[in-house]
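Enquirer: So the sequences go chain by chain: A and B.
Here the first sequence stands for residues 448 to 708, numbered as in our numbering.
Here the second sequence stands for residues 5 to 329, numbered as in our numbering.
FYI, nobody ran anything at the bench for these hints, they're computed from the structure.
Possibly wrong hints are sitting among the right ones.
[As the list claims (entries may be wrong)] Restraint ranges, calculated between C-beta atoms of paired labels, are given here:
1. A:529 - B:125: 28 to 34 Å
2. B:138 - A:455: 33 to 39 Å
3. B:138 - A:671: 41 to 47 Å
[Unchecked claim] With a cut-off of at most 25 Å between alpha-carbon atoms, the simulated DSS-like pairs for lysine-lysine come out as follows:
4. A:526 - B:11
5. B:11 - A:708
6. B:23 - B:76
7. A:449 - A:469
8. A:469 - B:11
9. A:708 - B:146
10. A:708 - B:298
11. A:708 - B:76
Don't be surprised by glycine CBs; every beta carbon is placed ideally from N, CA and C.
Each chain, letter by letter, is given below.
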Amino acid sequence: MKAMNRVASIALHTFKEAVRDKVLYNLVVFALLLIGAAILFSSISVGIEQIIMIDLGLSSISVFGLIMAIFIGIGLVSKEIERRTIYHILSKPVRRVEFIVGKYLGLVLTLVINTAIMTAGFYLAIYYQKRSLGAEDFAPLSAIYFILLQLAIVVGLAIFFSCISTPVLSAVFTFCVYVIGHFLSEIRWLGTTLHSSAAKWVTQVLYYLLPNLSDFDFITRAAHGEKMSSSLLVSNSLYALLYVTVLISASILIFEEREFK
Amino acid sequence: MLAIETKDLTKDYGVGFWKKRPRRVLDGLSIQVEKSEVFGLLGPNGAGKSTTLKILLRLIFPTSGSARILGKELDDTSAHARIGFLPENPSFYDNLTAEEFLNYAGELFSLPAAERRRRAARLLAQVGLEGARDVQVRKFSKGMVQRLGIAQALINDPELVFLDEPMSGLDPLGRREVRDLILDLKQEGKTVFFSTHILSDAEMLCDRVAILHLGRMQGCGELKEMLEMDVAKTEIMIQSPPPELLEGFKAHGGAWVRTGERVRVEIPSGSDVSAVLGMILQSGAEVVSVNAVKISLEDYFMEQVGKDARIAPEKAAVGPAKGER
Chain A
448 MKAMNRVASI ALHTFKEAVR DKVLYNLVVF ALLLIGAAIL FSSISVGIEQ
498 IIMIDLGLSS ISVFGLIMAI FIGIGLVSKE IERRTIYHIL SKPVRRVEFI
548 VGKYLGLVLT LVINTAIMTA GFYLAIYYQK RSLGAEDFAP LSAIYFILLQ
598 LAIVVGLAIF FSCISTPVLS AVFTFCVYVI GHFLSEIRWL GTTLHSSAAK
648 WVTQVLYYLL PNLSDFDFIT RAAHGEKMSS SLLVSNSLYA LLYVTVLISA
698 SILIFEEREF K
Chain B
5 MLAIETKDLT KDYGVGFWKK RPRRVLDGLS IQVEKSEVFG LLGPNGAGKS
55 TTLKILLRLI FPTSGSARIL GKELDDTSAH ARIGFLPENP SFYDNLTAEE
105 FLNYAGELFS LPAAERRRRA ARLLAQVGLE GARDVQVRKF SKGMVQRLGI
155 AQALINDPEL VFLDEPMSGL DPLGRREVRD LILDLKQEGK TVFFSTHILS
205 DAEMLCDRVA ILHLGRMQGC GELKEMLEMD VAKTEIMIQS PPPELLEGFK
255 AHGGAWVRTG ERVRVEIPSG SDVSAVLGMI LQSGAEVVSV NAVKISLEDY
305 FMEQVGKDAR IAPEKAAVGP AKGER
């Protein structure tokens, strides 16, 4: 129980630090972008304005969340080491596993709150455009849930890389995995067309090792009003949970051996 | 039960880019610290003081040897609930206020909210930061940061307090306050284990000290024993001595300094002080005072450190380890 309380303290502290660092200022940029888009598209496009609005809104939520997940994620551990604040934490009855899990949950909490506020802004823009909100307008919520699952994986990647590398390289690695993760099906297909067995092996390894993020991309389909199947919802949720568990476990194993000179 | 016990504690760091060579920064440290004593770890920069503290707090791991804190092995972090730690040159979260940081520290010890508030208020007053409780740490001076570091080390009312260079960055008033604070902790029956390279602090505060140099322990024991065993010299103050008497001191290896009508004569240890006194009295000069000057910690320290430097000049040339300040 005490361990859970310590994890919660570290998570809330991480959230508070992010808020004090003014990272939620991105919401202002997001709001301005949506207001501008709503005004612009309602005046220039007929019939497809809602599709564009949903596509733009969800893409913005995804991009803003991704930037936060990578740039705060890579600093979660490295900043504590660099500033030597880690000495204050680990000299207290805090196990290293609690520190990593608390830090991870703190950033995920920050992203959930950030995404929730952006979602509220997104629906305000939709309301401004349509002057009403029906049950069908809430279909994009499932796409937003998938964005959050992706962000949860990205934070796990950022923490993992920051445990083994420098902040700059961690950002590069995390971004590369994020991009490659959206093209894993193509990479696997590419492997089948190659003659080299080594190349086939590499594409197979990449396919199974890296997170398959293209399965989480539901933005375009949500914009066209497509409903998400419950099987996809469950399988993606379990996949994200499993992948995050593996990433955080690996991070903990590395962090347990780390020395703070 | 001992507060701290180390046996042959050794730490090597790998140096070099490709092929790492081990570089020993702590070499077989064995010490025992009793409960309720103030124990000082002394040594110049790079001696291995911070390395020792970091090993004891499990921030780094020993290459070999073992240690116990409050009867528990180092990897048992439950002992951390009963200890406090002030790192050297502490640093905090810039955006938090002093009170918020103490509250966070208290949360990590699972203290109830009301207790955290009470202790934070008391400690901020104790370290002289009650007026800055709502100020963000980024606006703190170095001395204020050090005081906050001391306050957070005491938030859990620890049995054992580790202080790494606690006087660092403090002005004379602040140093005095920290000295008083350490003495208060001793009065309360707490064990204080602190590292310093400022010998006067150690001389004033410590029951026992260990002297480290280049990772090796050069001496360990009660300060009283260390410093009172030997008389370094005898100082005799005399009034209006005749000139021929002063010349006579040279035969006994003595040196003298005249200040007005008085002359201070220094007789080195091993000389026949009774014979010198007899000579003075026979000359008709008046003896104002006779003082046996004991060896100072600084003298002792220089003797130990200098001895080691003579033994291992090639090791001395390596300089401080990375991470040691």
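Enquirer: Of all the hints given earlier, name the ones this structure violates by number, lowest first.
Expert: Violated hints (numbers, rising): 2, 3, 4, 6, 7, 8, 10; every other hint is consistent with the structure.
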